[in-house]
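Novice: Sequence:
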Amino acid sequence: MEEVFGRKQGTSTNISLINQLKELENKIRLGYPAVEIGVATFGQWEAIPKVIWEDIARKARINKIDLSLHAPVSVEGQLSTAQFPIISGIEFKGQAALISESSKKKVSQELKEILDTAANLGKIYGENIKVTMHVTSGLGETIWSKEYEDHLKDYLRKNNEKFEDLKKKLLDLGIINKEEYQKIKDPEDLPSWVYAVSSGITIEVPGGHALINIEDIRDRRYITQRLESLREKLGTEKFEETIVDRIYNLNEDYWNKFFIDINRAFYLITKDVTNIEKTFPLKQDYQAGEFLTYLKSLKDKLNILSNSIDTYLYHVKEKGKIDNIKHTLELYNKINDLKSKIENFEKNLFNLYEKYKSLTDYDLRKEFRNLLNESKVLEEVRDLVSGNGRIVFNLALEEMNKNKVPVIKPFQEVALSSAVDVVKRGIEAFLEDVKKDKEKFERIEEIFPKLLFEHIYPEDIGSRPDMLIKFIDKSRKALIETLEKYPEIKEKIIKKYGNLEKFSDEIIGVTLDIAHLKLFERYGYSKEDILQWERKLKPYIKHIHVSESKGGMDTHIPLGMEGDEIIKAEIEELKDLLAKEGISVIHEAGGWYTGRFYEELGSEYSYFIYKTLPYNLYSISDIYSQSFLPTYYENIYFSGMPTVFDYTTGFLALPLDLGSRRERQEQSSY
3 MEEVFGRKQG
13 TSTNISLINQ
23 LKELENKIRL
33 GYPAVEIGVA
43 TFGQWEAIPK
53 VIWEDIARKA
63 RINKIDLSLH
73 APVSVEGQLS
83 TAQFPIISGI
93 EFKGQAALIS
103 ESSKKKVSQE
113 LKEILDTAAN
123 LGKIYGENIK
133 VTMHVTSGLG
143 ETIWSKEYED
153 HLKDYLRKNN
163 EKFEDLKKKL
173 LDLGIINKEE
183 YQKIKDPEDL
193 PSWVYAVSSG
203 ITIEVPGGHA
213 LINIEDIRDR
223 RYITQRLESL
233 REKLGTEKFE
243 ETIVDRIYNL
253 NEDYWNKFFI
263 DINRAFYLIT
273 KDVTNIEKTF
283 PLKQDYQAGE
293 FLTYLKSLKD
303 KLNILSNSID
313 TYLYHVKEKG
323 KIDNIKHTLE
333 LYNKINDLKS
343 KIENFEKNLF
353 NLYEKYKSLT
363 DYDLRKEFRN
373 LLNESKVLEE
383 VRDLVSGNGR
393 IVFNLALEEM
403 NKNKVPVIKP
413 FQEVALSSAV
423 DVVKRGIEAF
433 LEDVKKDKEK
443 FERIEEIFPK
453 LLFEHIYPED
463 IGSRPDMLIK
473 FIDKSRKALI
483 ETLEKYPEIK
493 EKIIKKYGNL
503 EKFSDEIIGV
513 TLDIAHLKLF
523 ERYGYSKEDI
533 LQWERKLKPY
543 IKHIHVSESK
553 GGMDTHIPLG
563 MEGDEIIKAE
573 IEELKDLLAK
583 EGISVIHEAG
593 GWYTGRFYEE
603 LGSEYSYFIY
613 KTLPYNLYSI
623 SDIYSQSFLP
633 TYYENIYFSG
643 MPTVFDYTTG
653 FLALPLDLGS
663 RRERQEQSSY
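Residue 3 is where the sequence shown starts when you use this note's numbering, and the numbers rise one by one after that.
Calculated from the structure, these hints are not laboratory results. A quick note: this is a predicted structure, and the numbers were derived from the prediction, not measured. Positions of the beta carbon are idealized from the N, C-alpha and C atoms, including for glycine. There's no promise every hint is true.
Said to hold, decoys possible - The following label-pair restraints were derived from C-beta to C-beta distances:
1. K504 x P208: 35 to 45 angstroms
2. K148 x R63: 41 to 51 angstroms
3. N338 x K487: 32 to 42 angstroms
4. E434 x E508: 19 to 29 angstroms
5. N161 x E434: 44 to 54 angstroms
6. T43 x G142: 39 to 49 angstroms
7. K341 x E434: 36 to 46 angstroms
Work out the full structure: start from the sequences and follow the hints.
Specialist: In structure tokens:
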């Protein structure tokens, strides 16, 4: 295999094939020093028998292969695809996405199973197995523009008042804490999503967080119109159109509507009480029916009021502010108690009414009045809307207004926080099993899998370095917090690593995909932007995926075939990192993406081949290591690619010059 700055390239297996042992054996025969094992779905992962996994570890160890895993943790539902691994625990319901407790439990359990598999391999392999997982929602919820970002940063530098306003809003929204607030000295220090043209927004709901603008983020016409609007307003004195402003204003609108609704419900309850009092004497039998109607209306309004306060309590409980709302809780308990009494009262009244309709000699009004006097429920209803009840309501409103909390937040922040929680739960479940497995427990410090997280497309969560680094740092902290619960395991780890911080830095890191990073060029970002982001990620990188992308697409073209300057510069930037031990370089050309590779090249394949032949990109591609075009017939060139396309057409569909053995067919130009 050719080398990248003295380090031989590895390869990935074809994730569409179940027989990963055979895939590994093929790569070993071809001489690859490093192999990344992966499958497309978690179902396929589970379908691989334990003995096969053990054989994979055994053969890798015997042949001194640098073994790593690419693990799928997949979402389910209408908007998801089996090819999108996920770590944030997102569940899809129709055309809405919900980060729910149930989906987080499911994903954390899958993560636990993946860690368990990797640890079992580690027992045989003798080292910590590297496990790469994608950090993604599969939604493509963030749209960028280099032009807009540069203009906005320039605007904030010239308008310090607006810059400070954005910082304060981020603090008020709970997105940054006071310490982080103090550290923000320049627009460059703000979270990257602040500069997005459009990004997903979530609202807290019982059971999780729902993405509320999924149609907007998928509507390119909306994005284009918004970008044009932003361009126009950037030059004005007052600029209020950032995503931060939008989220802040949505929270204001939410709470304004909340207080309007709760006051309206209370007003309607007062009105129902007045109507009930008018019919209370029951001068005519038919008024019993009216009374029941008013009572049902009252019960419905109480439900509205109770549900509103219940929603409020859900929000403040999430923020730990429950101790500051004594009067709100008093009102809530009073309403629910009254609801229960009215429900029983209504049933008894209805029974009397039904009895009246079936008997000829029955004093309905007398029976109603007796029941009313016995229950005392009307007195409690009157008290709720006047006297002490009115005082409690006003005090509760005052408390709720003081303790408003942000319920609408950026999807980037919410999803990554959810991902940290999933990581923590998965690790904890894994360690619970380790306690019960003597061999794993005895060797945990050497077989604890390395969790490496890979950024995907620019539109996804964690695609920008600052957000990915934030996720990694919080995941490392979560690992340390979890290990504190297992003193015996903690002691073994400290004995080898010295402290938990060093262990967490070693175990949790980044898988850099140079082609994925290059995809930002489709939003106008330059080579220098991409290299700057790569430099920020460097301290976290433990594993590298290399291939080339073309036209802003994730085409996984073999390295060197495009002769791309950005890819070339990215690899040059990694020169010092590649000199370190423990860094694997995996060539992800072809494979699952062969269909895209062929679609991109089409009949123009010869142009791309001949264009690249005169150059030598550090001899890192099999193409460059050959002197004559006929060498493309050699099987070694296709070693990293499968025998079939995504669409079940054979690799024989390629032109003859690229290895096809069937008759040439004219291909249309793309």
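Novice: Now look at each hint and say whether the structure bears it out.
Specialist: Outcome of the hint check:
no., hint, verdict
1, K504 x P208: 35 to 45 angstroms, "holds, 41 angstroms"
2, K148 x R63: 41 to 51 angstroms, "holds, 47 angstroms"
3, N338 x K487: 32 to 42 angstroms, "holds, 37 angstroms"
4, E434 x E508: 19 to 29 angstroms, "holds, 22 angstroms"
5, N161 x E434: 44 to 54 angstroms, "holds, 53 angstroms"
6, T43 x G142: 39 to 49 angstroms, "violated, 20 angstroms"
7, K341 x E434: 36 to 46 angstroms, "holds, 42 angstroms"
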